[in-house]
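Protein chains: 2
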Amino acid sequence: MTGKPDDGRTSVAVAAGAAVGQSVDVLEARSRVDGTIDFALNAEIPHMTHARLARSPYAHARILSIDVSAAEKLPGVVAVLTAADFERPDAPARHHGPVVRDQPVVCGTKVRFAGDPVAAVAAETEEIAAAALGLIEVVYDELPKVTTVEEALAGGAPLVHDRPPEARDRGYSDIKLAGAGGNICTRFQLRRGDVEAALAEAEVVVDRTYFSPAVQHVTMEPHVVLATYDGRKRELTVLSSTQGPFAVRDALSEMFGLPSSAVRVVVPPLGGGYGAKTYAKYEPITAALAWKAGRPVKLVLPRDEEFISITKHEATIRMRTGATRDGRLVARDVEVFFNGGAYADISPRLIKNGGYSCVGPYDIPHVRVDSYAVYTNLPPAGAYRGYGVSQAAWAYEQQMDELAELLGMDPVELRKRNLLTKGQDFATGETMHEAHWHQLLDKAAAAVEWSPDSKAARSAEGRLSGKGVAVILKSTITPSTAHAAVRLDADGAMQVFTSAVEMGQGAHTVLAQLAADAVGIPVERVHVTTPDTWYTPYDQTTSSSRTTRAMGGAVTKAARVVRERLRHLASELLEADSGDLVVADGLVSVAGVPSRSLSVAEVCYRTRTGSISGDGEVVTSGGLDPETGQGVASDHWHQGAASAEVEIDPATGKVYVRKLYAVAHAGRVINPKLARLQMHGSALFGMSHALYEELIYDNGVLTNPNLSEYSIVAMGDLPARLEVELLEEPGEAQIHGLGETVLPPVIAALGNAVANAAGVRVRRLPMTPERVLDAMEGT
Amino acid sequence: MTGKPDDGRTSVAVAAGAAVGQSVDVLEARSRVDGTIDFALNAEIPHMTHARLARSPYAHARILSIDVSAAEKLPGVVAVLTAADFERPDAPARHHGPVVRDQPVVCGTKVRFAGDPVAAVAAETEEIAAAALGLIEVVYDELPKVTTVEEALAGGAPLVHDRPPEARDRGYSDIKLAGAGGNICTRFQLRRGDVEAALAEAEVVVDRTYFSPAVQHVTMEPHVVLATYDGRKRELTVLSSTQGPFAVRDALSEMFGLPSSAVRVVVPPLGGGYGAKTYAKYEPITAALAWKAGRPVKLVLPRDEEFISITKHEATIRMRTGATRDGRLVARDVEVFFNGGAYADISPRLIKNGGYSCVGPYDIPHVRVDSYAVYTNLPPAGAYRGYGVSQAAWAYEQQMDELAELLGMDPVELRKRNLLTKGQDFATGETMHEAHWHQLLDKAAAAVEWSPDSKAARSAEGRLSGKGVAVILKSTITPSTAHAAVRLDADGAMQVFTSAVEMGQGAHTVLAQLAADAVGIPVERVHVTTPDTWYTPYDQTTSSSRTTRAMGGAVTKAARVVRERLRHLASELLEADSGDLVVADGLVSVAGVPSRSLSVAEVCYRTRTGSISGDGEVVTSGGLDPETGQGVASDHWHQGAASAEVEIDPATGKVYVRKLYAVAHAGRVINPKLARLQMHGSALFGMSHALYEELIYDNGVLTNPNLSEYSIVAMGDLPARLEVELLEEPGEAQIHGLGETVLPPVIAALGNAVANAAGVRVRRLPMTPERVLDAMEGT
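Here the protein sequences come in this chain order: A and B.
Residue numbers 220 to 998, in our numbering, belong to the letters of the first sequence in order.
Residue numbers 220 to 998, in our numbering, belong to the letters of the second sequence in order.
No wet-lab data here; the hints were simulated from the structure.
Please note: incorrect hints may appear among the correct ones.
[As the list claims (entries may be wrong)] Pairs of lysine to aspartate or glutamate residues, derived as EDC-like cross-links and limited to a Cα-Cα distance of at most 20 Å, are as follows:
hint : chain 1 : residue 1 : chain 2 : residue 2
1    : B       : Lys452    : A       : Glu624
2    : B       : Lys452    : A       : Asp257
3    : A       : Lys452    : B       : Glu743
4    : B       : Lys452    : A       : Glu343
5    : A       : Lys452    : B       : Asp244
6    : A       : Lys452    : B       : Glu247
Construct the complete structure from the given sequences, taking the supplied hints into account.
Put into structure tokens, the structure is as follows:
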């Protein structure tokens, strides 16, 4: 099904049941542990070659010449791809991009970041391919570069792209390209009320600038692509560790000029995604190399290249908030600059989220947001777990504490005076149908025994201790489409057909639980298929915490169709109205007469039914006016809060997390264990961003592309107490995603705790010992 | 969808359109010619091993010992499978069979035909596997054997199976096992009226016995299976050249004790099937070997082993027909003995078709048929293009001519006096809703300028010439279930999801045509998926000429759902009622206002619709009472006729076919070229059976397992004139299968032509020069 949902509903109510609400183990848990899992990394096919990429050492340079002849002659080298290959009349397009086609598959005339690919080698072994890289001679003419937003927007700045970007012509009318120019890729603006007047009249105004650095996803599994191009059949088959099977299919279909049905994208389970694997990434270059080589090509990105593959946007957010003396917010004016790096990737969409999210979960009558995607000569930035939201929340939840301080008010109290409540409108003009922020904030405050007097102290060992809270709102991708199909086979085994990607988050497990209960069979009998665009139904993307709700809804609808058909078949055999039949634990029985029952297998065999199938969909609609930011930003809103207790060693500036608490509105919890694990992951990611992670560039070249010099949270850093909580109200039937919800408030709560402990605020992430010490020393 | 069809209809009406009715080339024609087609034969996967089978040299023997130790030690041998392996507690079941589980995967205590597998070897190369066969030492104790039906049914005959067969417990209540015993596997009986009384009162009675030999399918592509058993995940994946993906899946799931969802059967295009590849054949032994080896195993059956893989049933039919002097049939009494070989395979079903088909397309008030599946020590017999029907038609259409001769009546006239007409009941009690036999017979007679006076002549060169006609009815598998799904992607490309197997017959091409027209997009934009039981919807089987009608109907229904959804989406954009929209050539337009139109892609992009999906099904019901043969044998009836003109060289007995004509009731023809090609193939198969083909056994051992000594029709044998005709009445909207319809009447028409030319009848096929000469010489 597609288009408008037949019943006008964009979600599906579920109740706890035999499987739903149970902490079922991740279906493929054992294979993840014993190594038998079919990661793309482990894939082999006959005649496969191995790829390595030659990359620019310069952040910005003109390519004067590329000589690959020596590399091509190296025994074992099968093909070397350069921009020259795209001159062939049968060549694929040389540029791609999910919104703006600005990214070359391999660079021809210019490189735009240190790491931009200039050639790709396919060889019999990865070692030969690596050796061939050393034989490729590229002559560069280095160009002046821009690496920061300030540099990029300065007058007379060198241009990353000589021409302004052109949007892809398909369905992107909500992207504002008109504002683009110079190094501005795209902009987004939100307008509500009269900000200038309101700020002029405000009794207090806080005006600060907050900074989030670029960080990397560091998925356990790197990007892996295995591509086969069949030139005679004009078919392209790609095995990829992607979160977006259909987005990749569509990008390749466009690039190769093939109908979507001639491009097959198969997606085995992933070893983590976090947004790094949304949209086409290394599929275009691997597919083009396979096209050139005439043999299958497998690319496994080395860890150091992972660090320049895609990043979380560096953001600089200038935020002014006006309020009354008694703590009513009256206006907020925000300029958000997202450093998008050399190519647009999904920046044009992300800056919208990053823009309106700056309003926070607050009722503010006058709002102005200008959000910019800025091109620089850094690796491209893209989606990262709750994209745009954590940068925004870092800014607005610091600012709320700063405003409270200015007002001499308890920051929790200040928030509570302004939190959105059910039925109020958000700054986009959309009504909040659910509002749990008061509850969430209360829980977060209680978790650290918050009181205005206890927010800072000095421990017996002389450490400075502090507490902090934060509360956030987060949108989910809207509009959105999820289709699913379910097939109950005659032996009672069930197949769930979905293109939702399993990447360790347990998506396939919760879909199996939902399907099992919606039909009435044991969850052990459910098998969830590997996404394969040749076979599995359309799904927009596995991201934005949307899978359990959207795909879960589609699967539930499909499974309910199956249950109805099963009851209809059984009604003749059991001589009862199908309405009087219940299906549970694989048995169809007459309600109240359990002895009158038949197994699914008996029903199928006796009616000679080979299988029972059904399909279902969940479609949401919405969108924002590109000039005013008014409309529907999100089908529903993710809501979370966090609190933290930290200690700072005044001698070193090092921050110790004594307690970290995070809570998310969960709606109906399908699998408590998996939900809590997602919360744990999200909270620790937030802590890692708050305290450790930062990509450091020198002259535009990344200096810490490894896990010795780039720090992520480690076992030794874990909070002394880590608590997560799922807000599931009695009778709740709606599923809410929660995989990303607590990452943003954890960063902000840690920021507020550090500020309370240190007595001074670090507005630049991460809050490293050096920065904390510098701030405390007033430098 | 499943179970009862929602609209109570078991077929779908279609009209000629942009694609339907057009002679579209077979979609994969080019790849079939240039060798790029993905036959299972060409499949390779990493770590694959190659299999060969050790087979019994004796038709019947006890196995005293099997020693595979020397074979196991041969370098490059990976595993050797014997019955002993099935003693392991985790072993799969050692027997399989689609109706009766009587066939050992490998023999343990007894071999039952010359060729029965006793061991299977997996090795690094096929050559090593072949060499290993020579190192396997089996000690046999030869047993008395039965190779003919007469031997098998004689008193005190050796038993092929010591115990009577037990039916599988699933859904086979219509198989009569009660009559089994001794070497009778199963029996079927049809009872109508009082045959004994009617025959006693009949004015004339013909009583003759007719014989059809065992023949082989000789598909271009042999049986190929590539199996991988993942013991850690307990998953079995099989790539197979099978006509029945789901039948194979179910057989393996049962054998390995796995849920159906843990068995994946993928079916690439086949190089011919003709029934030889229905139900599990070499999948069990290859999968068991893969289980033992712990590595993928590929088996490609050598041509000589193809000849002992499965055969068309040898049949001996004693038929008595009584009539009035003026040529009204009053009674028919038939005993049919099908030589099923060593294992039941699908004999229990086939003997039903072969039984009731003996009545022919005639109105006979008193009928008795006893049809038997008989075990012998020959290779197992199974499905062969129109199973059971050609043997029956050979008998009854010879007998009609013999009766006409006895009555001194024109055999065409005799038939016309008795042909079933619309609304009459067949001997099973079911009403014939369509009856085209008069028309078909008239066409066949006209094609050879039939007249009673011209049926025999002597040519100028002294050759004996003769004409013959025949007319037949043929059932199709009933009940039957076909599911399909269709997905229209946003770029206007369409996927048809079906488990119908493409085996050169053009199934996927006609399904694409039906889908294209039912949505309204060009057929070039349609892609039909490769069957894969993990993904594609359930289909019962690709056999019995059912695919174009049953699966075509399911695809049409699914595509119509897609069209409705597309019109619904477009109605908002075009500001028109969806009922006023037409879809054609990929454009949705307002009826009568072609300028108000949008392409499929525009509709999808503007509504942000990723894809539009729909599903459909065709389910038929029926079945016969096992005691009386009363009920519904066939959802609808295939109807055909043929005529032939032959010349016999009186010196050699060789038959030259001057003209061969075949006509089938076609209903709505989807693709005239492909329909005619199927008719050509079917007619030439019939000619080949009539004149050339016969498996010859000596002491139970096949003596002609090769294409030098086993003759199939060759280019030099082609009729001087070969004409086929499709009976498509104006306004016809129902699809009829026709892939098997004219094989039976061609055999019979040639038999009658030879009899007319020779002046004497050869009742034993094939009508070789020796047999014709013997008959003419009265020996």
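Here's how the hints hold up against the structure:
Taking the CA atoms of Lys452(B) and Glu624(A), the gap is about 59 Å. The hint is violated against a cut of 20 Å. At most 20 Å may separate the alpha-carbon atoms for a hinted pair to count; Lys452(B) and Asp257(A) meet this at roughly 11 Å. Straight-line distance between C-alpha atoms of Lys452(A) and Glu743(B) comes to about 14 Å, which keeps the hinted pair within the 20 Å bound. Taken as a hint, the Lys452(B) and Glu343(A) pair is broken in the structure, with Cα atoms around 31 Å apart against an allowance of 20 Å.
Under the criterion of a C-alpha separation no larger than 20 Å, the hint pairing Lys452(A) with Asp244(B) is consistent with the structure, at around 16 Å. Between Lys452(A) and Glu247(B) the CA atoms are separated by roughly 9 Å; this keeps the pair inside 20 Å, and the hint holds.
In terms of the numbered hints stated before, the structure departs from hints 1, 4, listed from lowest to highest.
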